[in-house]
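If you read the protein sequences in the order shown, they are chains Y and X.
First residue of the first sequence: 1, per the working numbering; consecutive thereafter.
First residue of the second sequence: 225, per the working numbering; consecutive thereafter.
What the hints contain is simulated information worked out from the structure, not anything from laboratory work.
No experiment lies behind these values; they were computed from the predicted model shown.
There could be a bad hint or two in this list.
[Claimed, not checked] Per the computed footprint, the stretches of chain X lying under chain Y, defined by three or more beta-carbons under 8 Å from a beta-carbon of chain Y, are:
(1) 324-336
(2) 345-352
(3) 366-375
(4) 394-406
[Unchecked claim] With a straight-line Cα cutoff of 30 Å, these simulated DSBU-like cross-link-like pairs (lysine-lysine) come out:
(5) Y:K92 to X:K382
(6) X:K374 to X:K435
(7) X:K435 to X:K655
(8) X:K585 to X:K382
(9) X:K374 to X:K585
(10) X:K328 to X:K374
(11) X:K382 to Y:K95
(12) X:K585 to X:K328
(13) Y:K92 to Y:K218
(14) X:K382 to Y:K218
(15) Y:K218 to X:K374
(16) Y:K218 to Y:K95
(17) X:K328 to X:K382
(18) Y:K95 to X:K374
(19) X:K595 to X:K585
(20) X:K655 to X:K733
(21) Y:K218 to X:K585
(22) Y:K92 to X:K374
Idealized CB from N, CA, C, for every residue including glycine.
Residues per chain are reported as follows:
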Amino acid sequence: MNTDALSSAIASQLVMLFAALMLVLQLLLVAQQMLLVAVRLYALQSLMLTAIAGVVAYYYNAPHVYIVAVLTLAGKVVFLPWLLNRIVRDIKIHKEVEPLLNAATSTLICLGLAVLGFIVARPFTTLERLGSNTLAIAVTLLLTGFFLMFNRRKAITQVLALLTVENGIMLAAIALTSYGMPLVVEIGIFFDVLVAVMVLGILVYRIRESFDSVDTAKLTRLKG
Amino acid sequence: MLLAYLIFIPAAASLFCLVIRSRPLMEWANILAFAATLVLALALGQTVLAAGVLTEWDGFFYADALSAWMVLLISAVSLGASLYAGGYFRRDVAGNALTPGRVKEYFVLTPLFSACMFFAVLANNLGVMWFAIEATALSSVLLVALYNRKTSLEAAWKYVMLGGLGLALALFGTVFTYAAAIGKGGAEPLPSFDWSHFMTIAGQLNPRMIKLAFVFVLIGYGAKAGLAPMHTWLPDAHSEAPSPTSAMLSGISLKVAIYALLRFHILAMQCLGPGFSRALLLCFGLFSMFLAAPFILVQGNLKRMLAYSSLEHVGLICSGVGLGTPLTLFGALLHMGYHALTKPALFFAAGNIHQRYHSMKFRVIGPGVIKTLPVTVLFMGLAAAAIVGLPPFGLFYSELTILSGAVAAHRLIISFLILAALVAVFCGVLKQLSRILIGEPPQSPSSRTLASPTPVPPVPQGELGTAPKRARANDRSAMDGVPAMGLLIAALLLFSLWLPAPLLHLLQKTANLIGGKA
Numbered sequence: 001m002n003t004d005a006l007s008s009a010i011a012s013q014l015v016m017l018f019a020a021l022m023l024v025l026q027l028l029l030v031a032q033q034m035l036l037v038a039v040r041l042y043a044l045q046s047l048m049l050t051a052i053a054g055v056v057a058y059y060y061n062a063p064h065v066y067i068v069a070v071l072t073l074a075g076k077v078v079f080l081p082w083l084l085n086r087i088v089r090d091i092k093i094h095k096e097v098e099p100l101l102n103a104a105t106s107t108l109i110c111l112g113l114a115v116l117g118f119i120v121a122r123p124f125t126t127l128e129r130l131g132s133n134t135l136a137i138a139v140t141l142l143l144t145g146f147f148l149m150f151n152r153r154k155a156i157t158q159v160l161a162l163l164t165v166e167n168g169i170m171l172a173a174i175a176l177t178s179y180g181m182p183l184v185v186e187i188g189i190f191f192d193v194l195v196a197v198m199v200l201g202i203l204v205y206r207i208r209e210s211f212d213s214v215d216t217a218k219l220t221r222l223k224g
Numbered sequence: 225m226l227l228a229y230l231i232f233i234p235a236a237a238s239l240f241c242l243v244i245r246s247r248p249l250m251e252w253a254n255i256l257a258f259a260a261t262l263v264l265a266l267a268l269g270q271t272v273l274a275a276g277v278l279t280e281w282d283g284f285f286y287a288d289a290l291s292a293w294m295v296l297l298i299s300a301v302s303l304g305a306s307l308y309a310g311g312y313f314r315r316d317v318a319g320n321a322l323t324p325g326r327v328k329e330y331f332v333l334t335p336l337f338s339a340c341m342f343f344a345v346l347a348n349n350l351g352v353m354w355f356a357i358e359a360t361a362l363s364s365v366l367l368v369a370l371y372n373r374k375t376s377l378e379a380a381w382k383y384v385m386l387g388g389l390g391l392a393l394a395l396f397g398t399v400f401t402y403a404a405a406i407g408k409g410g411a412e413p414l415p416s417f418d419w420s421h422f423m424t425i426a427g428q429l430n431p432r433m434i435k436l437a438f439v440f441v442l443i444g445y446g447a448k449a450g451l452a453p454m455h456t457w458l459p460d461a462h463s464e465a466p467s468p469t470s471a472m473l474s475g476i477s478l479k480v481a482i483y484a485l486l487r488f489h490i491l492a493m494q495c496l497g498p499g500f501s502r503a504l505l506l507c508f509g510l511f512s513m514f515l516a517a518p519f520i521l522v523q524g525n526l527k528r529m530l531a532y533s534s535l536e537h538v539g540l541i542c543s544g545v546g547l548g549t550p551l552t553l554f555g556a557l558l559h560m561g562y563h564a565l566t567k568p569a570l571f572f573a574a575g576n577i578h579q580r581y582h583s584m585k586f587r588v589i590g591p592g593v594i595k596t597l598p599v600t601v602l603f604m605g606l607a608a609a610a611i612v613g614l615p616p617f618g619l620f621y622s623e624l625t626i627l628s629g630a631v632a633a634h635r636l637i638i639s640f641l642i643l644a645a646l647v648a649v650f651c652g653v654l655k656q657l658s659r660i661l662i663g664e665p666p667q668s669p670s671s672r673t674l675a676s677p678t679p680v681p682p683v684p685q686g687e688l689g690t691a692p693k694r695a696r697a698n699d700r701s702a703m704d705g706v707p708a709m710g711l712l713i714a715a716l717l718l719f720s721l722w723l724p725a726p727l728l729h730l731l732q733k734t735a736n737l738i739g740g741k742a
């Protein structure tokens with residue numbers, strides 16, 4: 001541990017700060033209707049996750065967490081937002097239609113979910129590990145991600161919601177285990193997410209071609 | 225190198241199909257790859273019987289009796305699907321239902337799909353198992369959307385989004401499982417996430433975390449396995465996919481998700497005792513069986529009905545595991561195998577019917593398919609008799625084994641509930657199939673159009689236009705898909721009447737493993 005360079009208290013505070021910023025960005029994402037802005041908010045949220053991984057790697061002097069941080073930076077801060085940006089521009093749909101629940105109600109619900117997240121995480125919150133108190137935020141990201149998915153109708157926003165859920169799980173992995181998952185698992189998850197977004201992108205293009213829209217509320221033919 | 229080859233051979237076949245252009249060559253590459261994996265699967269079964277456990281690559285790959293049984297099923301179903309796929313897609317291309325490019329997509333993605341399933345059941349690390357299962361979903365989603373119809377895109381979207389949600393929850397549960405081991409079993413800060421390591425420290429894991437983890441994993445992988453109420457993607461995906469893919473999704477992909485559940489179930493039993501995870505599995509299993517029955521009774525679409533029947537069988541398998549006596553475990557494993565042989569044959573027959581009638585709706589297909597497709601109806605009838613659990617087919621014995629196990633364990637109410645659901649599904653499937661398979665077909669397509677109260681737009685015109693051409697093609701197409709269906713049904717009959725001793729030992733070993741008596 002590089003305890004000289006970075007005291008445990010400061011490292012813990014930094015992790016907490018970045019995690020809190022992830023939650024703030026998530027709330028902005030829930031209230032946001034412009035798709036390009038939403039993609040940028042996701043990129044920023046991933047950047048916060050990278051920062052957390054960086055702090056953890058530096059504090060524990062763990063080379064494999066550095067690799068995870070670099071992968072997150074390259075994949076989730078640069079590549080995926082670029083890909084999603086391109087898809088949004090190609091399909092020429094920039095604005096989400098009015099969601100099921102409006103921005104004010106959504107924000108209130110998300111605050112409720114945050115309280116729920118803190119209650120759920122409470123029994124597992126011990127202070128023995130760096131960032132273990134961020135579990136509550138991770139659970140909240142998971143819950144609000146699910147909410148975002150059900151509340152929105154554009155295919156792109158649903159993909160973003162799934163990606164924020166994944167960010168939440170990665171945060172939970174750091175919160176619960178301090179080092180995150182073993183490297184082979186982290187790399188596997190990373191490539192799965194990249195491939196998932198590419199596959200979803202292909203589907204979005206095809207849905208756009210067939211339905212002349214990416215409104216998933218129109219996907220209602222299959223019943224029973 | 226046995227385990228590595230099981231993954232690399234289909235992966236290589238996938239790459240090979242990517243670079244070549246000749247369709248017959250792609251068909252053969254698929255068939256040969258899966259024939260090779262079937263041989264390897266048999267060899268693996270032998271090895272596991274002799275040695276108990278096989279590991280490779282420093283323990284990265286791990287195979288015990290349960291993995292060997294799954295590998296055998298994956299190979300058999302994939303081989304059956306690849307035997308059927310060649311002719312099926314030739315007819316689709318001839319009928320302009322698909323472009324050759326899309327067919328190539330099928331032959332590239334299918335071996336990849338199988339390779340991911342092999343990877344999932346052979347991975348030692350539970351996190352690696354998660355991303356292998358996610359990879360099976362990703363490699364099959366474009367197969368579901370292969371026809372590019374509006375409905376198939378909708379099905380693919382639901383499949384990937386609901387599957388993604390489910391798998392996210394499963395990953396959360398996986399993270400919790402890993403966290404439960406931190407600081408246990410040695411001072412190492414980053415413990416191994418290998419299954420073999422976890423089984424040795426199962427007693428020391430944090431029980432509260434394992435409890436929470438199992439709930440997340442059950443909901444997550446349960447969604448992938450099609451357990452109700454997370455099953456809503458299942459009938460859509462299974463009915464909209466091309467028939468060979470439906471067969472693989474129903475026949476084996478659901479069971480790979482059950483395999484993942486079983487791994488966590490074994491771990492939870494070691495850590496928490498048997499009660500907790502068994503009760504949950506039994507609840508979800510029974511609920512799935514009861515939800516499937518009414519949907520089968522009112523279903524108007526052949527492939528959707530088959531999908532709901534899969535839901536019922538998955539429910540039965542989970543109930544058998546949830547009951548947890550040696551007899552019900554054995555029955556559940558046996559049921560997995562028989563279902564894997566039967567359901568693909570049904571989907572192949574449904575594929576033949578679809579290519580003839582261009583619809584899956586009972587109303588459009590109408591009665592009297594036996595007059596136009598006698599061979600297909602013969603196989604469908606046999607497979608249907610098997611799937612509802614009529615003797616002499618194996619599903620009868622496996623269902624009886626589960627039921628008698630439940631009665632022997634004095635779970636009378638549970639056995640009654642299972643029996644009631646089985647009877648309801650029995651009536652539903654036979655009633656629905658008798659609507660279309662037997663009887664007199666309408667005199668001519670035009671009179672049927674007049675007779676039907678609501679006009680069914682595209683189909684009657686299509687039938688009018690191509691009716692003479694069809695009549696000529698009749699003799700030639702009588703044998704469509706017979707090799708695949710025939711082999712599956714023959715294998716089903718053979719193994720129903722005679723269970724080879726090594727297979728029996730393998731199943732007993734697996735049942736002991738799940739029962740916690742390794």
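The hints, checked one at a time:
1. Closer than 8 Å: that is the beta-carbon criterion, and the stretch 324-336 of chain X has 0 residues meeting it against chain Y, so the requirement of 3 is violated.
2. Interface restraint, the stretch 345-352 of chain X with chain Y: holds (3 residues with C-beta to C-beta distance below 8 Å; minimum three).
3. Given a C-beta distance limit of less than 8 Å, the hint that chain Y covers the stretch 366-375 of chain X holds, as 6 residues qualify and 3 suffice.
4. Here the stretch 394-406 of chain X counts 7 residues with a CB under 8 Å from a CB of chain Y, which clears the bar of 3, and the coverage holds.
5. A C-alpha spacing of about 23 Å is found between Y:K92 and X:K382, which places the hinted pair at or below 30 Å, so the restraint holds.
6. About 41 Å separates the Cα atoms of X:K374 and X:K435, which puts this hinted pair outside 30 Å; it is violated.
7. Restraint check: the Cα-Cα separation between X:K435 and X:K655 comes to about 43 Å, which exceeds 30 Å; the hinted pair is violated.
8. Only pairs whose Cα atoms come within 30 Å are accepted, and X:K585 paired with X:K382 is accepted, the gap being roughly 21 Å.
9. Proximity of X:K374 to X:K585 is assessed by CA-CA distance (about 17 Å); at most 30 Å being required, the pair is judged to hold.
10. Restraint check for X:K328 and X:K374: satisfied, since their Cα atoms lie roughly 21 Å apart, inside the 30 Å limit.
11. Under the criterion of a C-alpha separation no larger than 30 Å, the hint pairing X:K382 with Y:K95 is consistent with the structure, at around 22 Å.
12. Pair hint X:K585 plus X:K328 holds up; C-alpha atoms about 28 Å apart against a cutoff of 30 Å.
13. Restraint check: the Cα-Cα separation between Y:K92 and Y:K218 comes to about 18 Å, which is no more than 30 Å; the hinted pair holds.
14. Proximity of X:K382 to Y:K218 is assessed by CA-CA distance (about 12 Å); at most 30 Å being required, the pair is judged to hold.
15. Between Y:K218 and X:K374, the direct Cα distance comes to roughly 10 Å. Compliance with the 30 Å bound is thereby established for this hinted pair.
16. At most 30 Å may separate the alpha-carbon atoms for a hinted pair to count; Y:K218 and Y:K95 meet this at roughly 17 Å.
17. Under the criterion of a C-alpha separation no larger than 30 Å, the hint pairing X:K328 with X:K382 is consistent with the structure, at around 24 Å.
18. As the CA atoms of Y:K95 and X:K374 are separated by approximately 23 Å, the hinted pair is consistent with the 30 Å bound.
19. At most 30 Å may separate the alpha-carbon atoms for a hinted pair to count; X:K595 and X:K585 meet this at roughly 18 Å.
20. A C-alpha spacing of about 39 Å is found between X:K655 and X:K733, which places the hinted pair above 30 Å, so the restraint is violated.
21. A threshold of 30 Å between alpha carbons decides the hint, and for Y:K218 with X:K585 the separation of about 22 Å falls inside it, so the pair holds.
22. Distance hint between Y:K92 and X:K374 is fulfilled; the C-alpha atoms sit about 20 Å from each other, no more than 30 Å.
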